[in-house]
Every structure is written in C-alpha cells, then in structure tokens.
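*Asks:* Each chain, written out:
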Amino acid sequence: MSTLIFRTTAPYLASLMVLFSLFVLLRGHNEPGGGFIGGLIAASALAIYGIACGVPSVRRAIYFHPMAISGSGLFLAALSGLVSLFVEQPFLTGQWITLNVLGVPLDLSTVLFFDIGVYLVVVGSITSIALGLEEREHA
Amino acid sequence: MAAETTEQIDLSAAMILAPATPADWLVVAPVAIPILTGAVLMMIRHQTRLHGALAVTGLTVTFICNVLLLMRVLGEGPQVMTMGRWLPPFGITFAADTLGASLALVASLAALIGALYATVDIGAVGRRYGFYPFMMLMMAGVGGSFLTGDIFNLYVWFEVFLISSFGLLVLGSEKRQLDGATKYAILNLIGTTLFLATVAMLYGAFGTLNMADIARKADGLRDAAPLTTLAVLFLFAFGMKAAAFPVNFWLPASYHTPRIVTAALFGGILTKVGVYGLLRVLVMLFPPERELLSGVIAWAAAATMVVGIMGALAQTDLRRVLGFVVISSVGIMLAGLALGTPGGLAGTIFYAFHSMIVLTALYLLAGVVNGLGGGYSLRTLSGIYTSHPAMTVFALLMMLAAAGLPPASGLWPKIMLVRASIESGLPWLAFAILATGLLTTLALGRVFILTLWRPQVDGTARVTVSPATGYLALLILSIPVLFMGLYPQPVISVAESAADGILDASTYIGTVFPEGGGQ
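Chains as they are written, first to last, in the numbering used here: chain X, 1 to 139; chain H, 1001 to 1519.
Derived by calculation from the structure, the hints in this document are not laboratory data. The beta carbon of each residue, even a glycine, is placed where N, CA and C say it ideally should be. Each hint should be verified, as a subset may be incorrect.
Facing chain X, according to a computed beta carbon distance under 10 angstroms, are these residues of chain H, among others [said to hold, decoys possible]:
| id | residue |
| --- | --- |
| 1 | Val1028 |
| 2 | Met1042 |
| 3 | Thr1082 |
| 4 | Gly1130 |
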C-alpha cells in the first residue's frame, strides 16, 4: 500500500482521526460517543498510519508499547472506581467536582476518568492486534 | 453536564444512601486487587524481574481480603455491594454468601501458591509474553464469578477468566499447545455462547438478571415461563465448563499441553467455577427443576467419575493422568448436586475446597518430579525415592488425599457424600463414589510406584532443577490438606452453612433487597 497519494495523506488523516476520537470520547458523557467508540477511531487511525508508513514508525509515534497503554487504561478505570471508597460510597459511584477555569465552570468526574481508561484499553489492545497483523504482512 | 440539569430529580428512591464503610468494600476487593495488579504488570511488561514479586504480593493481599471477607460473612451473614450506588436489581450487585466467599478464599490460596511456584517454572520469556498479567486477570475473573450476584455479570466474569486462560494456554506458542488451545477455546466458547443465550432467554422470562431477584420471582413464573428448559441449558453450559460427562473430552485434550503451573491453576480452580455455577443456578435459583433433573445429574455424575478415573488408569503421561483425575473429581462433586440434600451439598462444597487444593498440589508435584526426573512419561520417570526422599512424603499425602483415604482431606467429603447418597435411596451412587475411590488409589498408586519406588531405569536423563520452591509450595499446600483431614469440623460447618445458604435463599434475598425493596 505504498502509493504516493496514500503516504502523503495518511499522516494528516491519522492526526485528524485521533483528534476526532478525543472529541467523541469527551462528548460521550451525555451524547452518543464515549471511550469505546473513541478508542476504536483512534486505533483505526494508528492502523492507517501503519499501513501507509510502516509499523516501526507507528511504534515510534506512540512511544509506549500498545499493551502498556492498555494496562494503564485498565489501571485508570479501576482506580476511578476506588475514589468513592474515601467518601463511603460503593465501588464505581461517580464523584463530581466543579473547577472554575478562567470563569468557565468545568465539571470533572470519576466517570470521565473511567471512560478515558476504556479509551486507552481499546486503543492499546486494538492497536496491538492491528500492528501485529501488519507486521506479519510486511515480514 | 450534571450541574446544568434543569429540574431536580429526587434520586433517593433509586439509590442506596447508606454509607459504605471500608469493611463493606471487602466484597469487591478480591476482584479489584487482581485487576489493579494485572494492569500494573501489563504496564511494566519489560521489567520481568519485578513480575513474580508483584504478583505474589497482589495475591497475598487478595488472600488476606478473602479471609477477612469470609470471617465477616460467617459472622454477619451475606455481604452485599451494588455498584455505583444504584439500587438492585438495576445496579450490578456483588453478593458474597458463605459459598462464594469460601470458594474465593480457597481459589486465591491455590493461585497464590501457583504464583509462588511460577517464579521458578516460568522463565523470562514466559513472563515477557505476559504470564503474570494473564494470571492476575484470570484470578479477577474467578473471584468475580464467585462473588457476583448478577447472572449476566457471572457470564462476563466467565469470559474474563476464559480469555485470560486462552492467553495462558498458548504461552510459548508450541505446535502442541496451539492444538490443545484450539480445542479448549472452541469448546469453551460453545459453552459460554450457550450460557449467554440462556441468560438472554432468562431475561426474556424474568425481566431481571439479579440472582436474588430471580430466586424470589421464580415461584410466581413457574407456570408461565419455560424454567425447566432454562435449567437444562444451564446444566449443559456449566457442565461443559466443569468437564462433566459426556462433554468432558476437551479437558484431557488440552490440560497436558501448557506449562505445569498453568495446568495446576486450570485443573485446581477453573473446573470448580463450573461446579459453582451449577450449584448457584440449579440449587438456589431453580430448585424444583433441579429436583426434576436429579436423575440425569446422578447418572452424569457417576459416568463422569468412572469414565474419568478409567482414563487415568490408561495413561502413561503424568499430566494426562492428572487431567483424568480432575474429571473424576468433578463427577464426585456432581453427586452432591444430584442429591440436593443439605448433607450432599455440604459434601460437594467440602469436596470442592479439598479438590482445589489437592489438584493444584498434584500438578505442582508433577512439575517438581519433572524437574528432578526429566520428563512426564511414566515409562522413564523412576527412582525419585532414592534421590529425593522428601518428595515421597508429599506425593503420598497428596495421593491419599485425592483417593479419599485418611489422614488427608479427601476422606470426610466422600463420607458425607456416601452417607447422603444412601440416605437419599441411591446406593448405586454411593457405590460409584467408593469404586472411584478404589480406582483412584490404583491409578495414583501406579504413578507412585513407577515414579518414586521403582529403581532408577538405566539411560534416563537427569535434569537437576532445584526443588526448593516446589517443596515450599507443597509444604504450604500440605497444611490445609492435613488440617481438613485431621480436624474437619470447622470446614464441615462452613460447608454446611454454605449449603444452607443456597438451599434457603431467603437470607441472601433479604440482604440484597432489605425490606423487600426493588419490586
């Protein structure tokens, strides 16, 4: 898949898709979207980049091993459930705080961090599978 | 977002407002701790030297939490926590009764010893491929299966430990392992798909997935819903996971291929989760249907025991012998399920404790023998007694335990099951249990004589792997085996309380739905 057009557009396409995946992740709280679908979009961005520019450049670009990304997501998700221990509420109960950032109220919650955890798990595991398959193809 | 909600909704009717103290959190600790440890292990996958210590620490903490949880359950009755503060049946409930908490405790002990032995059995390559993360996630799945109070969540935990077990099974990617893993994966996926389809049908009939809710609604739906069909499907799905006859063929086809620690964990723990599922669903949720099926279950139990142990007699590979011993032990546990009496169920539960520990120990024993004698084949293994007399002590104890002879732990649950069979008017089932005991003695006695007593066969290669960690693991496992054999009363009372808890679900239901709420 090393056509000139594809190789030229793939980095832009991939970065747009990663950006869109973050948008989908953040809007997912009250509207369609969320960590799982966002993670899938980001993973397909990395897969496209891998098809166009080769697996080594993807591995360089994401720096961490995909499975480590997956593990950190699992850790973050489990940790976000544990926060409610300190306010005497059951596991996974959502906790909210409102920060005032430059006069704009910003609602942060453990639910958001759980979703980010899901996002990372999906990105890590799907990317790991995709890169593994692409590597075999080129070898 | 939440702060911008225009009209205030009173959520107090839908939520649990009672504070959850740290002690209440013990219910989720046996699941949360292995998940957190597994996640950290995935992140540090390249620092393989840290893996063993971290996994052993994580499992030790899990074990301690399980001890505390069981003590609390025995003292105060079932413990409940519903995720996210939603009221059951809407939130996913974790409900630890004596059955779930005690099995989770024994499973975490077996896993802890397995992790300890894995520090010598699994090399840097196996660790790099993720032995410990898979193992921790598998234990999270097992703990979740024992403690969840929601039947769909039970399915999810089954998948969690199954997928992790696929990972453990192919570790090393030898041709033989892939062959075993394919059979294991396909057969188990058929089993879990059937489980999922049955859960869907159950939801269609009941409109709820909470087990306490199902248990209290079953009587009202008995005329309208096909509960017997559901019970048969559950029997088949869990029976497949437990490796009951006639769906047992996948187990001997796959359990001899992975690393010995993996086989120990699979043989010791995973089949018992299937048996647990049968106990939970058939005894607690659908008692009249279990009554209806008891004849079938009794025959399946007897066939599983006898077919299993006959297979063990015919094998020449030590690991294959043990695979068939696992099957026959499942048959013995099914006998109590077939009887359905308090005595029979207590016997089954006690036998499950015993079997988790003893089968893990037997597999680890095979691992140590492999390290000393260089192989698993009974044709070449020989003369261990002269070179390592201490092995003989452990081997004898574990084999007596598996065969159900004193002074080891297998004796009492078998006595309970035999007595319950005779009291229920099924002397042939009692005979099958006793005959299986005799055949187990023969099968394992043959292993004992060939491996340990027989003088060294000439020309066999000697591999000298230090057995120190193996001895330590076996020594720790010998303590509960001897304790259950010599002073069984506390264990029997735990097993009886577990059996009472599932036979009369009213306490369980009352804890999940205080004041009969959530109707």
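*Asks:* Hint by hint, say whether it matches the structure.
*Replies:* How the hints compare with the structure:
1. Annotation: Val1028 (chain H) was flagged as interfacial toward chain X, and the flag holds, the nearest CB pair being 5 angstroms apart, inside 10 angstroms.
2. Satisfaction of the interface hint for Met1042 (chain H) is found here, the shortest Cβ-Cβ separation to chain X being roughly 3 angstroms, below the 10 angstroms cut-off.
3. Taking 10 angstroms as the C-beta contact cut-off toward chain X, the hint placing Thr1082 (chain H) at the interface holds, the least distance being around 6 angstroms.
4. At a threshold of 10 angstroms, the smallest CB-CB gap from Gly1130 (chain H) to chain X is about 7 angstroms, leaving the interface hint in force.
Violated hints for the displayed structure: none, as all numbered hints are satisfied.
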